[in-house]
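Trainee: Sequence:
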Amino acid sequence: MMPKNDTFFDLVCQVVRLIPEGRVTSYGAIGKYLGSVKSARMVGWALNKTHQIHPEVPAHRVVNRNGLLTGKYHFSIENPMAQRLKMEGIPIANNQVIDLDVYFWDPSIHLNLES
DNA sequence: ATTGTGACGTTGC
DNA sequence: TGCAACGCCACAA
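For the first sequence, my numbering begins at 1246 and goes up steadily by one.
Keep in mind that the hints were calculated from the coordinates and are not lab data.
A couple of the hints might just be wrong.
To be verified - Pairs of lysine-lysine residues, derived as DSBU-like cross-links and limited to a Cα-Cα distance of at most 35 Å, are as follows:
1. Lys1317 with Lys1283
2. Lys1294 with Lys1277
3. Lys1294 with Lys1331
4. Lys1317 with Lys1277
5. Lys1331 with Lys1317
6. Lys1331 with Lys1283
7. Lys1294 with Lys1317
8. Lys1294 with Lys1283
9. Lys1331 with Lys1277
What the hints assert, rightly or not - Cβ-Cβ distance ranges computed for the label pairs, FRET-style:
10. Leu1356 with Glu1323: 29 to 37 Å
11. Asp1346 with His1299: 29 to 37 Å
12. Leu1263 with Arg1310: 18 to 26 Å
13. Thr1252 with Ala1338: 30 to 38 Å
14. Asp1251 with Asn1340: 33 to 41 Å
Note that beta-carbon positions come from the ideal geometry of N, C-alpha and C, so glycine has one too.
Using the sequences plus the hints, can you model the full thing?
Mentor: Have a look at this one:
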């Protein structure tokens, strides 16, 4: 089926692809940038489909508000979410991001400032 | 149109 | 401090 380019799913893909390496963001932050902070669930729902599209979406850089890698089980077993993040320089412990506030990347801020 | 589901977030107990 | 429930929006059946 041809996906439209106006769906929430596409918007999420666009934002997630803008996440710089070595940075992470949360579902709520993306949802907020898209207009509704409460639509965090929709972000997760959309990211679930990001595996089937191209270009690849760095969904591994999206964690929940606690910095917990909730979606790690949705990734390839050989390239786990935690390993990818570590590879980018993000410390992970117990499926959780350390110093989340340091590596956190808020689209509603960085995209506006256009740093 | 209605119902069910979802990689969340917040509030209440 | 930990768990339960609600809210919330988009989409498929």
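Trainee: All the hints need checking, so say for each whether the structure fits it.
Mentor: Here's how the hints hold up against the structure:
Our distance criterion of 35 Å between C-alpha atoms is met by Lys1317 and Lys1283, whose separation comes to about 22 Å. Distance restraint check for Lys1294 and Lys1277: the Cα-Cα separation of roughly 20 Å lies within the 35 Å cut-off, and the hinted pair is therefore satisfied. Distance hint between Lys1294 and Lys1331 is fulfilled; the C-alpha atoms sit about 24 Å from each other, no more than 35 Å. Restraint check for Lys1317 and Lys1277: satisfied, since their Cα atoms lie roughly 22 Å apart, inside the 35 Å limit.
A threshold of 35 Å between alpha carbons decides the hint, and for Lys1331 with Lys1317 the separation of about 13 Å falls inside it, so the pair holds. As the CA atoms of Lys1331 and Lys1283 are separated by approximately 29 Å, the hinted pair is consistent with the 35 Å bound. Of the supplied pair hints, the one linking Lys1294 and Lys1317 holds, its CA atoms being roughly 14 Å apart against a limit of 35 Å. Simply put, Lys1294 and Lys1283 have alpha-carbon atoms about 20 Å apart, close enough for the 35 Å limit, and the pair holds.
The suggested pairing of Lys1331 with Lys1277 holds, with an alpha-carbon distance near 26 Å, which does not exceed 35 Å. Look at Leu1356 against Glu1323: about 32 Å separates their beta carbons, and that is inside 29 to 37 Å. Distance hint for Asp1346 and His1299: a CB-CB separation of about 32 Å, consistent with the stated range 29 to 37 Å. Restraint check, Leu1263 to Arg1310: a C-beta distance of roughly 20 Å satisfies the suggested window 18 to 26 Å.
About 36 Å separates the C-beta atoms of Thr1252 and Ala1338, a value consistent with the hinted range of 30 to 38 Å. Restraint check, Asp1251 to Asn1340: a C-beta distance of roughly 34 Å satisfies the suggested window 33 to 41 Å.
Figure legend: structure checked against the earlier numbered hints; every hint is met.
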